[in-house]
Amino acid sequence: MIIKVLGTGCPKCIQQERAVVKAIEKTGSDATVKKVTEINDIMNYGVMMTPALVIDEKVVTVGKVLSAEKIAEMINK
Amino acid sequence: MAECCCGNERLRLIYPCSGGAGVGDLLDRIARKLAKEGFGKMSCLAGVGADISGFTASARDAELNLTIDCCSMRWAAKNFENRGIKPFSLILTEMGFTKGNTEVNDSTIETAFAILKKELKKMKINTTTTSPDSYC
Numbered sequence: 004m005i006i007k008v009l010g011t012g013c014p015k016c017i018q019q020e021r022a023v024v025k026a027i028e029k030t031g032s033d034a035t036v037k038k039v040t041e042i043n044d045i046m047n048y049g050v051m052m053t054p055a056l057v058i059d060e061k062v063v064t065v066g067k068v069l070s071a072e073k074i075a076e077m078i079n080k
Numbered sequence: 009m010a011e012c013c014c015g016n017e018r019l020r021l022i023y024p025c026s027g028g029a030g031v032g033d034l035l036d037r038i039a040r041k042l043a044k045e046g047f048g049k050m051s052c053l054a055g056v057g058a059d060i061s062g063f064t065a066s067a068r069d070a071e072l073n074l075t076i077d078c079c080s081m082r083w084a085a086k087n088f089e090n091r092g093i094k095p096f097s098l099i100l101t102e103m104g105f106t107k108g109n110t111e112v113n114d115s116t117i118e119t120a121f122a123i124l125k126k127e128l129k130k131m132k133i134n135t136t137t138t139s140p141d142s143y144c
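Protein chains in written order, with the numbering used here: chain A, 4 to 80; chain B, 9 to 144.
Everything labelled a hint here was simulated from the structure, so no lab data went into it.
There may be inaccurate statements among the hints.
[Claimed, not checked] Pairs of lysine-lysine residues, derived as PhoX-like cross-links and limited to a Cα-Cα distance of at most 25 Å, are as follows:
| no. | chain 1 | residue 1 | chain 2 | residue 2 |
| --- | --- | --- | --- | --- |
| 1 | A | Lys61 | B | Lys132 |
| 2 | A | Lys61 | B | Lys49 |
| 3 | B | Lys41 | B | Lys94 |
| 4 | B | Lys49 | A | Lys15 |
| 5 | A | Lys67 | B | Lys49 |
| 6 | B | Lys44 | B | Lys130 |
| 7 | B | Lys86 | A | Lys61 |
| 8 | B | Lys94 | A | Lys67 |
Using the sequences provided together with the hints, build the complete structure.
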């Protein structure tokens, strides 16, 4: 599983990345985290606000920070 | 363009269904004018229709999705309803503009825009800018 955090580096994007890392640790998943910070790369996903979370190339949230618990649920699905 | 959510801005998205009708030109112009005034951001109706996850997730997580259709077929609005998202729906022909009989010029653009804003007020949608106080 590849989890991407889309965001140009704002505090909420960093917060989201930390929550993803925490969720991966919590679930023991072998998912990898990638940050996408280039605006053109972000735009290619069609998201209208960041941070956005992409799991295996599917955008799952836009413009909000998900908790580690919520992300863990998504990982376990 | 994507913006970060570090301010307190609300995500409002505008989707004009320009379609193939002549009034689509007018519709597109008033939608862009609305976006330029800071009401919200233009988004891609085709992206939602094609079920591109970034566009559908943006629509799902937006505070408001405003669809402006040319006619009462409401194809733009149906894109959202078919995905379980309820849009605020406006229809240009119900604002007094007819297909094939509407000249697009500065005067009609101003008239249509004034009607559009009135309709938004009727729907109790605040038309003031949503721009954040600060970006991070």
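For each hint, the structure was consulted:
Distance restraint check for A:Lys61 and B:Lys132: the Cα-Cα separation of roughly 34 Å exceeds the 25 Å cut-off, and the hinted pair is therefore not satisfied. Of the pairs offered as hints, the one joining A:Lys61 and B:Lys49 holds, with about 22 Å between alpha carbons and a cut-off of 25 Å not exceeded. Straight-line distance between C-alpha atoms of B:Lys41 and B:Lys94 comes to about 23 Å, which keeps the hinted pair within the 25 Å bound. Of the pairs offered as hints, the one joining B:Lys49 and A:Lys15 holds, with about 21 Å between alpha carbons and a cut-off of 25 Å not exceeded.
In summary, the hint linking A:Lys67 to B:Lys49 is supported, as the alpha carbons are separated by about 17 Å, within the 25 Å threshold. A distance of roughly 21 Å separates the Cα atoms of B:Lys44 and B:Lys130; the hinted pair therefore holds under the 25 Å criterion. Taking the CA atoms of B:Lys86 and A:Lys61, the gap is about 23 Å. The hint holds against a cut of 25 Å. Restraint check: the Cα-Cα separation between B:Lys94 and A:Lys67 comes to about 20 Å, which is no more than 25 Å; the hinted pair holds.
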